[in-house]
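Generate coordinates for the entire structure from the input sequences, incorporating the hints supplied.
Sequences listed follow chains Y and F, in order.
Just so we're aligned: the first sequence equals residues 255 to 580 in our numbering.
Just so we're aligned: the second sequence equals residues 1432 to 1705 in our numbering.
No wet-lab data here; the hints were simulated from the structure.
Just to be clear, a hint being listed does not mean it is correct.
[To be verified] Straight line, CA to CA, 25 Å or less: simulated DMTMM-like cross-link-like pairs of lysine to aspartate or glutamate:
1. Lys575/Y - Glu1664/F
2. Lys571/Y - Asp1548/F
3. Lys1522/F - Glu364/Y
4. Lys298/Y - Asp270/Y
5. Lys329/Y - Glu1535/F
6. Lys571/Y - Glu1609/F
[As the list claims (entries may be wrong)] Partial selection, computed: residues in chain Y whose CB lies under 10 Å from chain F:
7. Ile312
8. Trp321
9. Lys329
10. Ala336
11. Gly441
This structure is a prediction, so every number in the text was calculated from the model and none was measured.
For each residue, glycine too, the CB sits at the ideal point set by N, CA and C.
If you want the building blocks of each chain, they are given just below.
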Amino acid sequence: MTTTAIDAGSRANHDDAGEQQFNELIAQDSRIEPRDWMPADYRKSLTRQISQHAHSEIIGMQPEANWITRAPSLKRKAVLMAKVQDEAGHGLYLYSAAETLGTPRDKMTEDLIAGKARYSSIFNYPVLTWADIGAIGWLVDGAAICNQVPLCRASYGPYGRAMVRICKEESFHQRQGFEILLELANGTPEQRAMAQDAVNRWYAPSLMMFGPPDEDSPNSQQSMLWNIKRFSNDELRSRFVGMMVEQVRALGLELPNKEVRFNEETGRWEHGPLDWNEFKEVLAGRGPCNAQRMERRREAHEEGAWVREAAAAYAEKQALKHAQAA
Amino acid sequence: MSEANASATRITPGNALRPEDIALLDTKPSDAVAQYALWLGDDALILAQRLGWWISRAPELEEDVALANIALDQIGHARSFLTYAGRAWDKTEDDLAYFRREPEFRSVHLVEQPNGDFARTIARQFVVALYQWELYSRLVGSSDPTLAAIAAKAVKEVDYHRDHSIQWILRLAQGTDESRRRMIAGLKLTWPYVEELFTDYPLVDELGDAGVRPSTLREPFDAAVRAILVEAELEPPEVPGSVGGGRLGRHSEHLGYIIAELQVLAREYPGASW
Ligand SMILES: [Fe+2]
Ligand SMILES: [Fe+2]
Chain Y
255 MTTTAIDAGS RANHDDAGEQ QFNELIAQDS RIEPRDWMPA DYRKSLTRQI
305 SQHAHSEIIG MQPEANWITR APSLKRKAVL MAKVQDEAGH GLYLYSAAET
355 LGTPRDKMTE DLIAGKARYS SIFNYPVLTW ADIGAIGWLV DGAAICNQVP
405 LCRASYGPYG RAMVRICKEE SFHQRQGFEI LLELANGTPE QRAMAQDAVN
455 RWYAPSLMMF GPPDEDSPNS QQSMLWNIKR FSNDELRSRF VGMMVEQVRA
505 LGLELPNKEV RFNEETGRWE HGPLDWNEFK EVLAGRGPCN AQRMERRREA
555 HEEGAWVREA AAAYAEKQAL KHAQAA
Chain F
1432 MSEANASATR ITPGNALRPE DIALLDTKPS DAVAQYALWL GDDALILAQR
1482 LGWWISRAPE LEEDVALANI ALDQIGHARS FLTYAGRAWD KTEDDLAYFR
1532 REPEFRSVHL VEQPNGDFAR TIARQFVVAL YQWELYSRLV GSSDPTLAAI
1582 AAKAVKEVDY HRDHSIQWIL RLAQGTDESR RRMIAGLKLT WPYVEELFTD
1632 YPLVDELGDA GVRPSTLREP FDAAVRAILV EAELEPPEVP GSVGGGRLGR
1682 HSEHLGYIIA ELQVLAREYP GASW
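If you want it as structure tokens, here you go:
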């Protein structure tokens, strides 16, 4: 790095007018746009959050894609294909949003494949039956919606706008998941048992999607001050539990936790203890499917390298041709 | 749309026909037309089953989206054709997709071929899309209004599939040495299964103006292929054609595995609804 670059860098970091404007925008609950000055930590924290979110959409395609070829009716097959396709689209919007903060998509993909970047742990659980496809739509997309609706108002413009598009589609996914479970719950005794078993297995992992309890979530505070996060992990989790209680009744199934109840005093839904050790284990890479998911992403990326190279080489040749013709 | 509304749906150009609408039609196809609908429906179904594998495995995210799009269109066409065929025998699309045995399928060997690498998939897509476009753009004039309506929707979608495969043929043929080598290999592996598409089996004589005689598509197909291969600076592969037989229920060794995966869950729970 040259001296001028350092000077420019330190000047940028001490842009008083920029900083004042940033603080004002946050105070007014307005939007920060890519060209605006922003604190280095804001940029870094957002890049991490948005890219993790993008990686989750992409890795999240795998467990459901595994059932495309086996979907039990052609209509369900089409709906599932469209859902997994939507998730690819979500990944694309989010990578674009993260790119506006200065990190290219290639770099984010490399970090994911190198194991340096995280994605949501929920996708490290195996999808064992068709009912899991229903439970994922209902619980996992459902939890994602609870998490993401407030993000539509995130202070960073491109992120908030990406979330608006994504949330619309996620609510379709949730309804489709609910419909799959409803059909099973009203089906044969075996189908009904399949549905209950899936709800039993996905209940706790979906609750843990909101992240650790508030007292163990050190980054949340700063994120709330920056108007990125609007509600605490526990607040969102409690809201989600309330929604599930109502909907599981409509399904005629049960949540596997007997301690779920509404606390009149706090006005919040409560649930029995979650196994945060398991959460940490999966987060640390020791979940049932971590290795498998990473391997599949790496394989697709590496086996696609020659295709991406060919497309780039062709585009270059075409550009040269046009330049010569002009 | 509610079922009551769906039953009132009339087949008119511009009014896209959904499988749910076809299931409620008063008209039943003749046995020959139903058999013909199976040909086209099975091609689309098996191709969709193959393409579905790519979703989450494509060389870039944009291709996950594009291949999913194509697979979704094909599954849509399959549902329409199979629903219509099923009207002749009081069967649903799912009865036909999930509870027929291998020799009862009518797909061509081409769509049964493995995905291979991306170039091989593109080669297969190229042949299928150009063939389907020639076919559907004529089937819109079918004397059978349901077939004509399905084709009218399908031809617009297949036009995109055609464009997608052509763009990739050009890129891969003229990209890098490796991509060119792979594209040539992919075309060579695909070419033996081209001939079967244009064989006139006896059923064709029973269709009258309801169907399209496969052999009549050969010339326009060849011309379209030639134009693209010239642009890509590729030679048509010189390989002997395979005898085929898919329309008679004599399939490649691949189909058994494809339908085993397709049908496993439905057959584990016969009589269940999903
Ligand atoms: Fe998503
Ligand atoms: Fe989703």
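Subject >> Given hint Asp1548/F paired with Lys571/Y - CA-CA distance at most 25 Å >> reply: 24 Å, holds
Subject >> Interface hint for Gly441/Y, Cβ within 10 Å of any Cβ on chain F >> reply: 6 Å, holds
Subject >> 25 Å limit on alpha-carbon distance, applied to hinted pair Lys571/Y and Glu1609/F >> reply: 16 Å, holds
Original post:
Are the Cα positions of Lys298/Y and Asp270/Y separated by 25 Å at most?
Top reply: 19 Å, holds
Original post:
Are the Cα positions of Lys329/Y and Glu1535/F separated by 25 Å at most?
Top reply: 21 Å, holds
Original post:
Are the Cα positions of Lys1522/F and Glu364/Y separated by 25 Å at most?
Top reply: The hint is violated at about 50 Å.
Subject >> Interface hint for Trp321/Y, Cβ within 10 Å of any Cβ on chain F >> reply: 9 Å, holds
Subject >> Closest C-beta approach of Lys329/Y to chain F relative to 10 Å, hint status >> reply: Holds, about 7 Å.
**OP:** Identify whether the interface hint at Ala336/Y stands, where standing means a beta carbon of chain F within less than 10 Å of its own.
**Re:** Constraint on Ala336/Y satisfied, holds at 6 Å.
Original post:
Taking 10 Å as the limit, does the beta-carbon of Ile312/Y come near enough to a beta-carbon in chain F?
Top reply: 7 Å, holds
Original post:
Hey, Lys575/Y versus Glu1664/F, does the alpha-carbon distance stay inside 25 Å?
Top reply: Between Lys575/Y and Glu1664/F the Cα gap is close to 16 Å, so the pair holds against 25 Å.
The structure is inconsistent with hint 3 alone, although it conforms to all the rest.
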